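Protein chains: 2
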Amino acid sequence: MPAPLNLRRVFAGKRVLITGGLGFIGSNLARRLLALGARVAVVDNLMPEYGGNRRNLAGVAGRMRVHVADVRDWPRLPELVRGQDYLFNLAGQTSHMDSMTDPQTDLDINCRAQLAILEACRQHNPSIRIVFASTRQIYGRPDYLPVDESHPLRPVDVNGINKIAGESFHLLYSRVHGIAATALRLTNTIGPRMRIKDARQTFVGVWVRRLLEGQPIEVWGGEQWRDFTYVDDAVDAFLLSAARPEAVGAVFNLGGPPPVTLRRLAELLVELNGRGEFVVRACPGERKKIDIGDYYADDRLIRKKLGWRHKTNLRAALAQTLEFYRRELKHYV
Amino acid sequence: MPAPLNLRRVFAGKRVLITGGLGFIGSNLARRLLALGARVAVVDNLMPEYGGNRRNLAGVAGRMRVHVADVRDWPRLPELVRGQDYLFNLAGQTSHMDSMTDPQTDLDINCRAQLAILEACRQHNPSIRIVFASTRQIYGRPDYLPVDESHPLRPVDVNGINKIAGESFHLLYSRVHGIAATALRLTNTIGPRMRIKDARQTFVGVWVRRLLEGQPIEVWGGEQWRDFTYVDDAVDAFLLSAARPEAVGAVFNLGGPPPVTLRRLAELLVELNGRGEFVVRACPGERKKIDIGDYYADDRLIRKKLGWRHKTNLRAALAQTLEFYRRELKHYV
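Those protein sequences? They're chains F and D, same order as listed. For the first sequence, our numbering begins at 1 and goes up steadily by one. For the second sequence, our numbering begins at 1001 and goes up steadily by one.
Isolated chain F (complex conformation) (with noise of 0.2 angstroms):
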């Protein structure tokens, strides 16, 4: 385990980009690097079907600048990138289902532009540090579990196809031309600011809307295993990676408290939650084709070479996503 770090001195007074900067993840380690004295500045493309939502920076958007951008807008890359310290690269297509109806839009960002960032990134900022949200769905349907990061990559969603690509570029790039880049693969991440209006961004999301307006939660199937991370943890990860220098080239799992069923999760919402039902489904035919049965991460590699660890467990997690999305309800859908 490397000794801790004071991440006040890594971060204060530094110029970090963060893309899908006005989204889940990205808003919140936004709120975090200011916290930390960092200079940070945040591009969204802002589109209803995505992430993007100008609430998730109230109170803060004013400390920080916020660009209307979109990472596909080749030309504005340039600009971005140079001068910055650190970019973590979160701008992402995250439904799987779109991917699959509409699968060239998921490759334009998710593939395509993660090279036009790196490009730009090469040509105008190479000593740039990037940590880049990749994710557990590049696996596909697991061998065995828990999943490290050796498991074969066999996925079965466009999304999933274009994951490892702009993965692999961001490796390639930290390889071949020396612009330092590590990736993160995601298992499912919930909390405050993320998407509740529907399944696009996380199951979880829409399930937390259901409940908290009266709403039977739909869980298909039920009985698939899966691990979830308190985005406060994920925060962690994102800022470990980026300061450690022997995260430099690496892929690293992301998980967190033990994994639950769907059924069990439901449960724990609803109980929780204090009222409110779920009724279980047959999973339905379009998204049975890519489902991925169960996923659970092996974690250790992160948690002994960058010392990140979980500090919230399931309960509280859920505990404080309600809490949040109780006051905040209106904002989000």
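Since the hints were derived computationally from the structure, they do not count as laboratory data. All values derive from a computational prediction rather than experimental measurement. Heads up, the beta-carbon is just placed ideally off N, CA and C, and yes, glycines get one too. Do not rely on the hints blindly, as some may be mistaken.
What the hints assert, rightly or not - Just so you have them, the derived chain F footprint on chain D, three or more residues with Cβ under 8 angstroms:
id: 1; stretch: 1095–1106
id: 2; stretch: 1151–1162
As the list claims (entries may be wrong) - DEER-style ranges, computed between Cβ atoms:
id: 3; chain 1: F; residue 1: Gly-285; chain 2: D; residue 2: Lys-1330; range: 45 to 51 angstroms
id: 4; chain 1: F; residue 1: Gly-83; chain 2: D; residue 2: Gly-1214; range: 52 to 58 angstroms
id: 5; chain 1: F; residue 1: Trp-74; chain 2: D; residue 2: Pro-1216; range: 38 to 44 angstroms
id: 6; chain 1: F; residue 1: Arg-303; chain 2: D; residue 2: Pro-1078; range: 50 to 56 angstroms
As the list claims (entries may be wrong) - Take a look, some chain F residues computed to stay more than 12 angstroms from chain D by CB distance:
id: 7; residue: Asn-6
id: 8; residue: Arg-55
id: 9; residue: Met-64
id: 10; residue: Pro-142
id: 11; residue: Lys-197
id: 12; residue: Ala-199
id: 13; residue: Arg-210
id: 14; residue: Val-260
id: 15; residue: Lys-304
Assemble the complex: chain F is given as a structure, and chain D must be docked to it using the hints.
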């Protein structure tokens, strides 16, 4: 080993589209299909840096449809795929070095256009049978030799990343959308009609050119092991993959005669030419960064499942190649 196939019975009268059909393997495939009685259409962008060359269809172009079109030109794709029984999808950017200096073009051809081709098939001809030209480049530096199909994919250049995505889209569309596809992971294919102007398609091309022009062959390194498939044998593999139901959804390595070192290959070429010489140089830095070291394929799977085998040994392959270019040199330089 499956029972022998009568390829004439399979392909006679069938409508076949070949992307990259004025290129090296594509044109040899077009010629063979014509001889088998198929109704052949080829698409090629004839860009000067790529493999397309009108000379490749000399004497037969009048008996097929030749579309000068680019697979990146999406609106053209529906009319091209509609009504076809088979699609041999060989259009690609093949230069590893070019993929590093102009990564977006490699992405647009090897990744983005592939998805557009598959979408065109899904919308306009979902019962088409596809064989996709993939590459051993996606394995990167081998962990072990010979490399079988379950070897991890760890590409060392932009080309390898995009070819993984292109191959993955084919397999995904086969699995999820029922568009029957097979991917062939080619190694160094050699023979008549390969590009010899430079090393953009295969280094063997520029070696042959230099030898025939009385210049010394430049061997970079020399001790790397490589395997080679003669183009007629590669064409066999494409035809068998399209014809055999066992091939749907599958990936096969292609190999051939036993591997040799690059130095041995140069010696053989000089010997067969009866004159000439080679010089051994250190691998240039830019090239070394993306070098894969030794590679040769384990191709037992395609031998077993499809009954494929190579019919041409390396000496014969090189002799026939030299003979072709002695006659045809002026059309290829």
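Tested hints:
Note: the stretch 1095–1106 of chain D has 3 residues with beta-carbon separation from chain F under 8 angstroms; the three-residue rule is met and the coverage holds. Beta-carbon proximity to chain F at under 8 angstroms applies to 8 residues in the stretch 1151–1162 of chain D; the threshold of 3 is reached and the given coverage holds. Judged by the Cβ atoms, the range 45 to 51 angstroms given for Gly-285(F) and Lys-1330(D) is violated: they are separated by roughly 59 angstroms. Look at Gly-83(F) against Gly-1214(D): about 54 angstroms separates their beta carbons, and that is inside 52 to 58 angstroms.
The hinted window of 38 to 44 angstroms between Trp-74(F) and Pro-1216(D) holds, with their beta carbons roughly 43 angstroms apart. Under the hint 50 to 56 angstroms, the C-beta atoms of Arg-303(F) and Pro-1078(D), about 51 angstroms apart, fit the expected range. For Asn-6(F), the shortest C-beta to C-beta distance to chain D comes to about 35 angstroms, beyond the 12 angstroms cut-off, and the non-interface label holds. The claim that Arg-55(F) is not at the interface with chain D holds, since no C-beta of that chain comes within 12 angstroms of its own (minimum 34 angstroms).
With a cut of 12 angstroms on Cβ distances, Met-64(F) stays outside the contact zone with chain D, its closest approach being about 30 angstroms. With a cut of 12 angstroms on Cβ distances, Pro-142(F) stays outside the contact zone with chain D, its closest approach being about 16 angstroms. Residue-level check passed: Lys-197(F) sits 26 angstroms from the nearest beta carbon of chain D, beyond 12 angstroms. Non-interface call for Ala-199(F) relative to chain D: holds, since the shortest CB-CB distance, roughly 19 angstroms, exceeds 12 angstroms.
Every C-beta of chain D lies more than 12 angstroms from that of Arg-210(F), the closest at about 28 angstroms, which supports listing it as non-interface. Every beta carbon of chain D lies more than 12 angstroms from that of Val-260(F), the smallest distance being close to 28 angstroms; the non-interface claim holds. Its beta-carbon lying about 22 angstroms from the closest one in chain D, Lys-304(F) satisfies the requirement of being farther than 12 angstroms from that chain.
Hint compliance for this structure: hint 3 alone is broken.
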